[in-house]
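A.B. asks: As a plain string of letters, each chain reads:
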Amino acid sequence: MKHEAELSIDFAACDGHGLCAELLPERIGLDEWGYPVLRDAAVPPALTDHARRAVAACPVLALRLTRTARRKARRAAPRR
Amino acid sequence: MNHDTTTAFAAEDLRVPNSARLLHGWFATGRATDLAEHLARYGPAPVGTARSTLADAVERAGLAGRGGGGFPTGRKLRTVAGRRGPAVVIANGMESEPASRKDETLLSLVPHLVLDGAVLAAAAAGANTVHLCVPRTRDEQAQRLALAVDERQHAGIDPVEVRVHMLPHHFVSSEETALVNWLNGGPARPRPTPPRPFEKGVGKRPTFVANVETLAHVALIARYGPDWFREAGSPQTPGTTLVTLSGAIASPGVYEVPMGSPVGQALAAAGGPTRRLSAVLAGGFFGSWLPVPLDPAAPARGAGVLVALPEDACGLAETAAALAYLGSQSARQCGPCRFGVPSVADDFAELAWGQPGPALTERLDRRLGLLPGRGACRHPDGAARLAASALQVFSDDVQRHVRYGPCSHARDPLVLAIPDARPPAEEEWR
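Respectively, the protein sequence lines represent chains A and B.
Start counting the first sequence at 1; every next residue gets the next number (the UniProt record's numbering).
Start counting the second sequence at 1; every next residue gets the next number (the UniProt record's numbering).
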């Protein structure tokens, strides 16, 4: 089953190769210096495959796809 | 009060203001507090009881971090204490904000309150090491602190090891992940989060990072309790805070005021404005311009900095110079910061001193929208905030500069003291 997912960019790693914008123009554009602009971090199920392809294509692994905030919040509950 | 600690006052001239807590000793004696005097005034830090009760007391006191972030200190302390394995404490005395002198002043006047707070936090967090980080550019201060630490070790009052470190003094080097990165042997550059230091910090251990003023408040809360702490400030923003006041005011310097004081009231602590003001820079180079007349209810936010800008100064020139400095201080790790902040600074320079066309403000608006949230740290966010507030508060000046070119004050000496806007060389980050 496919879940809602969220994109994030590690700008310290990103070198502005621009492949993500080629592969996922629905969510990612480029600024005037060639760095990705995330228009909307949320990825609906219909776009998940494209998003995965964009993540896999990044030569420096700067693009990440994580499951929705709700599931993440439960996983990241502080340990006592 | 001036931050120049060599200033001698005759004892009879001194009144201790009601709001003075951290600086009480300074007002009472007019000199820096040594260990003997510190122990006579406050007694030893209650480290024995810290482990079980300190995080709770700090949480009930409602102490928020005084380094600019404003995160609840008690919650941070509890989180670090609750994680597995021995923790580490970092006392952040880096103070890279150019318009701030509060941390330097605090460390000069009451070093033992800061050290008490750091040691208490270590006991509460289950840490056996405290790293006190100060700028390499203030080496005399670092030497005095190392002596203070030695004195405490000889007196046997600290159950943990305290180490004083001198770090490169670049604008972003005071960011908590930069401190952790440097202490782990790397450059003093911010790192992407997560992991945050409380999860994985120095030596991969859970690390409690707090501003030195925050720690000094912790030292007082440990002794006098949360109810005492809440007697100053407002219920939402309790306690006192240090603020560095400069610009067109009667007595520039570092003052202690109730937390959440309106800006006008804080300026009054320094004798008030000396000329008619057009704006006040609140929060320093990472803050915002506030228009004058001031909103009487607007509290002074940010890292305790207020700069009063007189009417006969050019707010656009001041902002352009500050942005040029911020642009030079990028850690050059993230594209939007490395290229975006200098571009915005160049646009502002054109706006302040050049012949800007009408397209310039459009380009600036677009570029400002591309900075927030696009870096490992908040450096681009801060620069964008400063620039956006200038465009708003000085909007009439923007129109005039676009229409007629630089105003008659654009080339005047600046009110803001701007450090050398030279990008650090690669080896200067270590």
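Be aware that a few hints might be false.
[Said to hold, decoys possible] 25 Å max Cα-Cα, derived DMTMM-like pairs, lysine to aspartate or glutamate: (1) K200(B) x D412(B); (2) K200(B) x E161(B); (3) K200(B) x D49(A); (4) K200(B) x D31(A); (5) K204(B) x D10(A); (6) K204(B) x E161(B); (7) K200(B) x D56(B).
Because the hints were derived from the structure by calculation, they are not lab data.
A.B. asks: Flag every earlier hint the structure violates by its number, smallest first.
C.D. replies: 1, 3, 4
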